[in-house]
Every structure is written in structure tokens, then in C-alpha cells.
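Enquirer: Chain by chain, the residues run as shown.
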Amino acid sequence: MNLKTIGSIIVGGALMVFMAAFNGTPVSATTLVDSIAANVTEQAAQEPLVCLDCHRMPNINTNEGVISSQTFCYDCHKKEDIKKIDGSSDITLQITPDTFNKNQPDHRFVACIKCHTDVARSPHKTRTGVTCQKCHTSHSESPANEPHLRVDCQACHFQSEFVRLDPDDHRVKLAHTNYESVPISLSNHILSDTDDEKTCQKCHFKNNSVGAPSAVLPSKSVLCIVCHNAPLAMGHPVFGLAGLIFMAGIFFMIAFWFKGSVKGEETSLHRKISLSSESVWNTIFSRQFFVLMKIFILDIIFQRRILKESVSRWSMHSLIFTAILLRFGLSLFTAIGFYFNPDGNWMIALIDKNHWFTAFINDFLGLLILLGIVWAVVKRSMVKPDHVVSEFQDNITLILMGSLVLMGFFLEGARILVTRIPCDMAIYSFVGYLLSRVFSIFPFDWASVYPFMWYVHAVVAVVLIAYLPFGKMRHMFNTPLTYFIEAVDGVKNKKRV
Amino acid sequence: MVLLLTVGCFFLALLWFSHARAETDAVPPSTWFVDMNQYAASAHGSLRCEECHTGMIGNGAGQGIGKSHPDPDAFLKTRSRTDFDYQACQKCHKTAYARFVTGAHATAAEKQKAGEKPSKAGLAPDCGECHSAHYSKSHLSRSQTGRIMTKTCGTCHQDQKESFLANYHGKAGVNLGYERAAFCTDCHGAHTIVSLKDKEAALNACRRCHKEATPEFANIIIHDSTKNLELKSDAKQAGLKWVHALRAMVLILVVAVLAFFYLHTGLLMLRKLHEKLRRHK
Amino acid sequence: METIVNPEQTFQRFHILHRILHMVIIVNFTLLAVTGFVLHFSGFGWTRFLVSLMGGAGAAGWLHRCCAVCLYMGVVIHLCWLVYYKFVLKQNLSGPDSILPGKKDFKDLYQNVRYCFNKGNPPLFDRFSYLQKYDYWAELLGMQSMGITGLILWFPEFFSSILPGYFINIAGYFHFYEAVLAVMYIGVVHMSDTHLAPDIFPMEKSIFTGKIEKTRFMEEHPEEWKRQQMINNQPSG
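Residue numbers (my numbering), protein chains in the order written: chain R, 1 to 497; chain W, 1001 to 1281; chain A, 2001 to 2237.
Source of the hints: derived by calculation from the structure; they are not laboratory data.
Some clues are possibly wrong.
Unchecked claim - What the simulated footprint calls covered on chain W by chain R, stretch by stretch (three residues with Cβ under 8 Å from a Cβ of chain R suffice, anywhere in the stretch; the number is not a length):
1. 1033-1042
2. 1073-1079
3. 1263-1277
Stated by the list, open to error - Think about it this way: if two alpha-carbon atoms lie no more than 27 Å apart in a straight line, the pair counts; the simulated DSS-like pairs of lysine-lysine are:
4. W:K1077 <-> R:K83
5. R:K294 <-> R:K263
6. R:K134 <-> R:K78
7. W:K1077 <-> R:K114
8. A:K2086 <-> W:K1276
9. W:K1272 <-> A:K2211
10. R:K173 <-> R:K202
11. A:K2103 <-> W:K1272
12. A:K2133 <-> W:K1276
13. R:K379 <-> A:K2119
14. W:K1272 <-> A:K2090
15. W:K1120 <-> R:K79
16. W:K1272 <-> R:K294
17. R:K125 <-> W:K1120
18. R:K384 <-> R:K308
A virtual CB, placed ideally from N, CA and C, is assigned to each residue, including glycine.
Pulled out of the complex, with its shape left as it was, chain R reads as follows (with noise of 0.2 Å):
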């Protein structure tokens, strides 16, 4: 340690300590802040007042305006005996700037009318409520968004027990009165923790008044995406066991191809990978990528060599295959989008079921996957062509796929009639709405029967999934690997798949 060195530290800390000082910590900063708006009115109070002392508009982008804009409403609101008389009961609706920075720190700075946009008028009533997403954005994709859209904000953020169903607009909104019907006050401003199940548990639970499912269920996984939007996440453990068995059921697949001899190679498994890969490169790099366009255009998204062999084939695999790829191709289209817009209004509606958009191209498609399905089943069992053998993988898979679709249609009604959706938006998922109608006739507690509804979805999707490599459906994977070699080979298979 020299001279120099020491010197530097001293220098060094005493220009931290200098900066540390002029930045000021937050604490200070309001002292400073306060003590000028408090001087300002001291001296305003000497003289008599003009309009424009009150009434010119602050400007509450900046923290002096915030200051003089809650100064405005703290005059009448830090008073204790400021109340709301409603029925026989009286409500305090009294805040200090005190309380109200202990209770919402982040907010010291924002103005009252920030949030409570139309309430600085006479009458003095709000008809919009508080509106939070003026500066935040909606959760990004999470399990708290998408089932969450029609909650506000403040049902789930501000520590209350209390939360009703609002009638004319179908939201979930914090309750003025506790379920007695005892009017109660909202005014000191606590917000709640929501990582807590306990918040969660305000709406979730057996016969709650809102239209929430009786449990709280547990996010979609990425999975999922194949036909749902979901999160980009594993989610539940589960679903990550199934990915493991999927992705383990693909190695042993490609293990068991490069048995064989690759390009002449017939031991080194490493010269084997070698070879491969350079050969793919090769392959994309190069102009046979057209080549592997076209196909995958024509033989893959438009199946044109199952048309070739019959219409009615055709027909029945496209119902399935290309209302799945629809499905996927919009799952990923919205998890991409929202990932980079969360706040678009094309994203919002993607996400939002009840939207007329995505609840009817989703209950279309699934109704064209169905629809396929139950031509297969018929084909297979009933019309039973010579050249069609039904065996084990072809009934298990058709079985999977089959009640799949149909648990999501079930679902899509109980979540219609669980979370009260009105007709005139419910009808555009016209098979949902349908069964809404149907299910409605039972008289099952249907908030605790979709939670177990749910659970089997998954499960059957699961299971489906962790199956894939392992049937008949590794053709998926399969058939455009064949064709692409074939057309950079040159070499057709004689054999019919």
C-alpha cells in the first residue's frame, strides 16, 4: 500500500460520501419536499385566496405538482371526523399522508387523482373506480393473467376480504360492504401479498359469490402450447415428467437409428454423429433448401400425398392435422407476441377466452379436430375397410386424442357456467355455450367439479404426450424426415408407410 493508493481511497470515499449526500435518501428527499409545500401554504394562508391557488391543475407528472395535488385532497381528507354516512352506519374515509406512505411506499410520489381518475369533482363520486393500468402493465404470461382478465387489479392487491361479482360489466371488484351487507372502509390504502395462498384463497373457495372455481389450479405448462396459449414455463411438475419421457422416448428413437451404419460407417458412433451432422448442414446450406421448402409446403402443410392417394383420407387427416397446426401455429404466434407486447389490444384479445376471436376459432378448431377424430373411430370400427388394420397403437392414440377434445369442450362449458359468462358473450363458443346450457340442468357444485375436470385434461394431455414417441404418432416426426431425405436422396421408398 503507497502514498498514492491511500490517497485514492480517501479521495474515492469522500467523492461517495459528497454524491451519497446530494442524491439524498428517499426519506430526506420528503422532508424536503414536504417542508417546501408546507411553507408555501403558511404564507399563502396570510393573504386571501384566489381561484387559480386551488383550482389551476397541477402538473403531477412532477413531484412538487404530486405534493400540491394530494395537498388538495389531504385538506379535507386527513381530518379524523371526515366520514361517509351510508345506511345507519358512518365510514371513515380519513387518510394521512402518514398512513398512506407506511402503507404504500412505491405510490408516495404519485397523485391521488393519478389513480382515482374522476373523483376530483362534484358530484364527489367515482363511476370508474381506481385505474392501476395507467402506468402498470397487465401480469406478463403467468398463470396470474389469463384467467384473471375480467379481476381488478385491486381484488387481488389491496387487503381486503371482501370481493364481488359486478353484475353490469361481469368483474371481479373489491366489495364496498363485508357479506353481512355492513358497509366498510377501504381508505387506509394496505396493499395485500400475493405471493400468499391466502390472497388467492379470497375468491378460491367452496361457494364463493364471484364465479371462481373452488380451488386454486395450477398454470398451464409450455406443453400446452400445441393447443393453448401458455406461459413459457414447465409449470407443474408433472408436465416436466412428461416432457423427460417424451424427450427420453425421441433419444432412444434417433439411438436406435444410428445402430445402423451412416454413410458407410458402421462402428464409430462418434464418426456416425460426425458424418450426420455435416451431412444436414450441407443439406440446409445449400440449394436442395428449396427443394426442402417445397415439400414442406406441399407434403406437409397441405398433405398433397394423402390427397393423391384418396379425398376422403385427406379430409378425415386434415380435419385433425391442420386445425392442431392452426392451433399451434396461433399458441405460438400469441406466446411470441405477448412475450414482446403484453400490452397490445390483439395480444390481450388472444389471450382472453371470452373474447369473440379466440373463443370461436377455438371452439371451431376443436370441433374440426373432433369432427376428424370421430370419422377415424367410425372408419375404423364401424365401416372397416380391407386396407385399414386397427390395432392397439391406432385405438389408444385415437382414444387419447378423442376424450383430450372432448374434456376441453366439457371444461370450456363448465368454465361458462362457473364464471357466469353472459350469453351474448358466451355465444361465440358456440359448443362451450352449448354445453353451459346443458350442464346447468345438474345440480353439481360445478365450482368444485372443474377443478377435478381440469386435473383429468392435463393428466390425458400428459399422458398423450409422454406417448407421442413412443406409437404410431412418432410418425409426426417420422414422415417429413423421410420425405426430406428422400427428396435430397433421391431415393423412394418402395414400401408404403
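Chains W and A: place on chain R using the hints.
Expert: What follows is chains W and A alone, placed relative to chain R:
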């Protein structure tokens, strides 16, 4: 490929314009605060507060909101726009005020004061319901005035606003900025608001632009929705039934024809593709 | 460009007047659709952009009426030609070459539907298939009704002196719905039939060149081909 890209870019440009034109302010909701930037740029920007809000300064005995200011009972419960004494406007806007008093809005306001229930459209408006004294701008073009007017009148007369915007006049005037189209006040009068149920009144309104209009011309229905039927003349009510019946029939016919031919073409395309693929060895 | 080694024998299918009239229809129909829908869908931002390109709402209106007049003049010329064809050229307006619908067309439709479901052979068409005949008549009659409703909307003062006022409202709705029908039909059915059909892809050229190749002739209009051969093989006299 290049052509496709160009067309694609063109459509993207069109989408860009798809945002509705910037919302010109109708009457913003009253608050206790006045935005001085907007006020200074408005038509009344050179006026001082007390020139219109007489008697509210100091210990404030006099007209305006409540008896004195601030009086909690007054300003918490009353509706400031309804309670303001609009005699203040008459000081400068003599003609408009005189006309307003003879019109249907003033008549409705009188009835309301006498204790009658407000009409289906809502509370009878005074000056401040349609004109923002603090923020209205002056020297607007006919097109701008028309757009603001549609929004303002439409706050109470929503049905008529929708049917107006579905009609040629609304589409050309408000959406496309066609200055020769008629706006609300061109037919219904600016401050002397009149109902056009009476045939003579309707014909006079049409003749302001359609000089050769015949009495039957006035029977063309501008607001063709089936709500508020009682505001229409008998001839129009009868005609409206026919209009909507025939409209439904034609719609069904169009859908049926298209469905049939789309199905036909779709099936035929599949079959022909199948044949063509088979022929390609 | 490859040299044509074996130029196929072609036959004259369309007279030059028809080819010109078809072009007239294409241009005017498209402009009419654009200028018309820009008014109806004026609530959307893209229409304002298009209207500004056209020079304002008034200009768009004038363009719409102009194209309507041009299109109708095409109809008139076509009708004059029909008169010329029948009375000067002394040709037959009915018969197998005609565009008038007949029993065969319904039989062909039924046969075609059965063919779609793999129950039988495709029908053998004469000079005009049933779809082409429907296309022609839909256009011709459609132009009359669009013309009449359009005129009613153009001169409401005149028409309200002879019809009740609400007829103008009815004309407005008919005009719009028929426009939708026309555009949706042409855009999907006509385009499929003349561009996307696998045998014709990319395009049916004979309406522009006037000529049809021999193989096409034999495939698409076999009955007419048969009659043509019989006429050619008949001894003159």
C-alpha cells in the same frame, strides 16, 4: 416475390392508419381543476375567472355553485354542470342564448325543473352540457365541428349517433371529412333544436341542401334503427318495417348463395387436385 | 425462354369485342368495388388513406359513378352486339352453343357433385359449362339491379317523386349486400375457376387471347369439340 413484399408493405401502411383519428375533445368531464394550458389555448382563454363565475370570490355570497364556497353540502352532492347559472353566457353569446331558449332542449329543461321525469335520452342539457367553457376552441373547420358535434350529441343520443354514422351523411361527413355532408345541427338546428317528426320541418331541413326535394323525399329515413320509433313520423315507422324485413331477406339470400358456391368450388378443387396428383407419376 | 417446338393447334373461342368488354368489366368492377367499400367501411383508418389517394370523398363518389356509367355502356354495347349477332349475322341465340341455361346444365351440376364424392365421371360440357353460364347471368342481371339501385341512390330527389321515401333506404341495403355478394363471388369462385383450378393454373388465357388450345378444347368442352368435328367432317354443300 418483390411484388408480394411491396403489397405487404402497402397493407402494413394501411394498418398504421387504422388507428381512429385522434379523439377531438367533445366536452371533457368537469373536475375541480382547470388545466391552464388548455384554457389559455381555448376560446375563453382571455377571460378572468370572475367574469363568468360571478360572486364566488372572497367570502362568496351570490350565485354559482352553492351559496358560498366552499360549502360541503353543495359541492359534494350537486352536479356542477347542471347547477351553474348559464345567464353568464348570455352576456356575450346573445343570439345563441336567445335561440336556445326557443328550442326543444330548453323546453325539456323547463319541464324537468317543474318536476317531470327526464326523457329516455337523459337529463335536459344546458349550455355547459354541450360546450366546454374552459376548453372549447374557436375557429374550427366545418369538418372538425361536425366530428365534435357527433360525439357531443351522441353522448345522450347514442342510438341516433350510431344510425347517423351508418348513413351516407355520417360516413361521408364524419369519417371521410366530406364538407358538403350534413351534420346534426344542419338538419336539427344549432341552438333551436327541433324534432323532425313533422313533415314540414323535415322537408325544410332537407331543402337546405337538396333544393329539389319533394315532400316524399323527406320520408327517406336517415336514422334507420328500430329504437326510438316514437320519435319518427308514421310514414317513416311503417317504411322502416319494410326496410328491415327486406334487408334480412336479402342477407339470407346472399349468405345462402355464397355458401352453396363456396362448398361447390371447395369440393371440386379437392377432387381435381386429387386427379391431377394421380396423373403425375 | 424455350422455343416452342410443337405449337399446338388453336381455335378461335372469343370475338375481339368480348375480350375488350371483359377487360372493361375487370377495370370498372374493381374500381367500383374499391370506391364503394371505401364509403361503407369508412369507420376504419385504411379507408381514409385510400380516399385521400383518390382526392377526397367527393372525388371518390364521382369516380364510382363514372365507372358505373362506363360499365353500363359496356352492357349496352354487348346488347347491341347480341342484336347484331341475331339479326345481321343471322346466328342462333339458343341451341347448344348458347349461354342460355338448359336442362343439361342441371344434369351436369348433379353429375359434378356426384363426381366430387367419387361416384361417377365428370360431366361433359358443351361450349359453356353451367358455372360459366351462371357467371354470365349473375353478372348481367346483377348489373341491372346494381344499376337500378345505384341510380336510385344517385338521384334520390327524382326517385322519391315516383316511389315512397323508404325505397331509397331499401335500395341502399340492396346495393351494399349485392356488392358484397358480387365481390365475394368473383374473388373466390370466379378466381378459383379461372386461376386456381389445377388444370388451368396459373390462368385461363382464352378470354384475353381469344384462342383455346386443342387439348384444352377437347378436355373442357368435349361436346362442342364433337360437334365441331362433325361439322368439319360433313361434306360441303
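Enquirer: Take a quick look at whether R:K134 and R:K78 sit within 27 Å of each other, Cα to Cα.
Expert: holds, 26 Å
Enquirer: Does the alpha-carbon distance linking W:K1120 and R:K79 stay inside the 27 Å limit?
Expert: Answer violated: W:K1120 to R:K79 is near 41 Å, above 27 Å.
Enquirer: Take a quick look at whether R:K294 and R:K263 sit within 27 Å of each other, Cα to Cα.
Expert: holds, 25 Å
Enquirer: So if I understand the rule, the pair passes when the alpha-carbon distance is 27 Å or less; does A:K2086 with W:K1276 pass?
Expert: Violated - the C-alpha atoms of W:K1276 and A:K2086 are around 40 Å apart, more than 27 Å.
Enquirer: W:K1272 and A:K2211 were given as a pair; does the straight-line alpha-carbon distance stay at or below 27 Å?
Expert: The hint holds at about 24 Å.
Enquirer: Residue count check for the region 1073-1079 of chain W against chain R: does it reach three with CB-CB under 8 Å?
Expert: With 6 residues close enough to chain R, the hint holds.
Enquirer: For the region 1263-1277 of chain W, count the residues whose Cβ lies under 8 Å from any Cβ of chain R; is that count three or more?
Expert: Per the Cβ count (5), the hint holds.
Enquirer: With the threshold set at 27 Å, check whether the alpha-carbon distance from A:K2133 to W:K1276 stays at or below it.
Expert: Since the Cα atoms of A:K2133 and W:K1276 sit roughly 25 Å apart, the hinted pair holds (cutoff 27 Å).
Enquirer: Within a Cα-Cα threshold of 27 Å, do W:K1272 and A:K2090 meet the stated pairing?
Expert: violated, 39 Å
Enquirer: Please verify whether R:K173 and R:K202 have alpha carbons no more than 27 Å apart.
Expert: The given pair, whose Cα atoms are some 12 Å apart, holds under the 27 Å limit.
Enquirer: Between W:K1077 and R:K114, does the CA-CA distance stay at or below 27 Å?
Expert: holds, 22 Å
Enquirer: For the pair we were handed, R:K125 and W:K1120, check the Cα-Cα distance against 27 Å.
Expert: Answer holds: R:K125 to W:K1120 is near 23 Å, not above 27 Å.
Going through the hint list in order, the structure does not satisfy hints 8, 14 and 15.
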